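Q: Sequence:
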Amino acid sequence: MIPVPQTAMVLAAGLGQRMRPLSLEKPKPLLEVDGRTMLDLVLDRLAEAGVKKAVVNTHYKAWMIESHLQLRRDVKITFSREEELLDTGGGVKKALPHLGKLPIFVVNSDLPWQNGATPALARLAAAFDEKKMDALLLLAKRENPRTRGFTNAEGDFFMEDGGRLRRLGTNTPRPYVFISAQIVKPEIFARVPEKVFSTNQVWDEAERNGRLYGLAHDGACYHVGTPADLVESNRLLREGGGW
571 MIPVPQTAMV LAAGLGQRMR PLSLEKPKPL LEVDGRTMLD LVLDRLAEAG
621 VKKAVVNTHY KAWMIESHLQ LRRDVKITFS REEELLDTGG GVKKALPHLG
671 KLPIFVVNSD LPWQNGATPA LARLAAAFDE KKMDALLLLA KRENPRTRGF
721 TNAEGDFFME DGGRLRRLGT NTPRPYVFIS AQIVKPEIFA RVPEKVFSTN
771 QVWDEAERNG RLYGLAHDGA CYHVGTPADL VESNRLLREG GGW
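Plus 570 on top of the position in the sequence shown (first one is 1) and you've got the working numbering.
Be aware that one or more of the hints could be misleading.
What follows is a list of derived Cβ distance ranges for each label pair [to be verified]:
no. : residue 1 : residue 2 : range
1   : Glu730    : Ala696    : 30 to 36 Å
2   : Glu775    : Ala692    : 25 to 31 Å
3   : Gly780    : Glu602    : 22 to 28 Å
4   : Glu730    : Met571    : 17 to 23 Å
Quick list of in silico lysine-lysine cross-link-like pairs, BS3-like style, CA-CA up to 30 Å [as the list claims (entries may be wrong)]:
no. : residue 1 : residue 2
5   : Lys596    : Lys701
6   : Lys646    : Lys631
7   : Lys671    : Lys646
8   : Lys596    : Lys702
9   : Lys631    : Lys596
10  : Lys622    : Lys671
11  : Lys701    : Lys755
12  : Lys631    : Lys664
Hint data in this document are derived by calculation from the structure and do not stem from the laboratory. Values in this document were obtained by computation on a predicted structure and should not be read as measured data. C-beta: ideal position from N, C-alpha, C; glycine also.
Can you make the complete structure from the sequences, with help from the hints?
A: Following this line, the structure appears as structure tokens:
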């Protein structure tokens, strides 16, 4: 268990290609779910958890995201603009001077979630064990009816009884998918020599070292990847109050 991290990295630099044509006019994080942009929904969750500083990386239509966030006061926003796309891991590595040495949240900006009985970010902090973990990922069961919008039929991870994650060594579909939020030690990104790399690269290293863990989400989530997903997520919220 650790105190809730005071700093978060919010990934918002992607091109949103699967969201075209909607993303031709504005970056995907600024599209709205339930009357709020997906980026604001994520920042709302961070602020509710007690996060004080969020580093937001930008690239595609960066000025629109930066302008949109100028009025937020509940979280101090720092921008990390990427002149070239650095992928998810490279984006975090570039922002390391702003992130400090303590464990941080890293959160995607296009996968809003609904909390269960206890807020998901608080649950992550309560479960994070610095002595044995480099990364703790928020996961959901693929077959859960409250896990929507995921097209990866193979899933992402197997989770052992103690929460340790693995994904190699079997052809069986993996039952868990990553759903946007994680607590990580910033140092694991600093160890990667490449400039452009995926977060999967640091997860792979943590898995090899037995230091990659997961926590099952107890609420709903919706991977809003396409225009159809956006319509459906809003319909479900409008008609039923949740996913």
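Q: Are the hints correct? Go through all of them and say.
A: How the hints compare with the structure:
1. Glu730 x Ala696: 30 to 36 Å: At 19 Å between Cβs, range violated.
2. Glu775 x Ala692: 25 to 31 Å: The hinted range 25 to 31 Å holds for Glu775 and Ala692, with Cβ atoms some 27 Å apart.
3. Gly780 x Glu602: 22 to 28 Å: With Cβ atoms ~41 Å apart, the hint is violated.
4. Glu730 x Met571: 17 to 23 Å: holds (20 Å)
5. Lys596 x Lys701: violated (42 Å)
6. Lys646 x Lys631: holds (21 Å)
7. Lys671 x Lys646: holds (18 Å)
8. Lys596 x Lys702: violated (41 Å)
9. Lys631 x Lys596: holds (7 Å)
10. Lys622 x Lys671: Holds: Lys622 and Lys671 sit about 15 Å apart, inside 30 Å.
11. Lys701 x Lys755: holds (11 Å)
12. Lys631 x Lys664: Between Lys631 and Lys664 the Cα gap is close to 19 Å, so the pair holds against 30 Å.
Against the hints set out earlier in the document, violations occur for numbers 1, 3, 5, 8.
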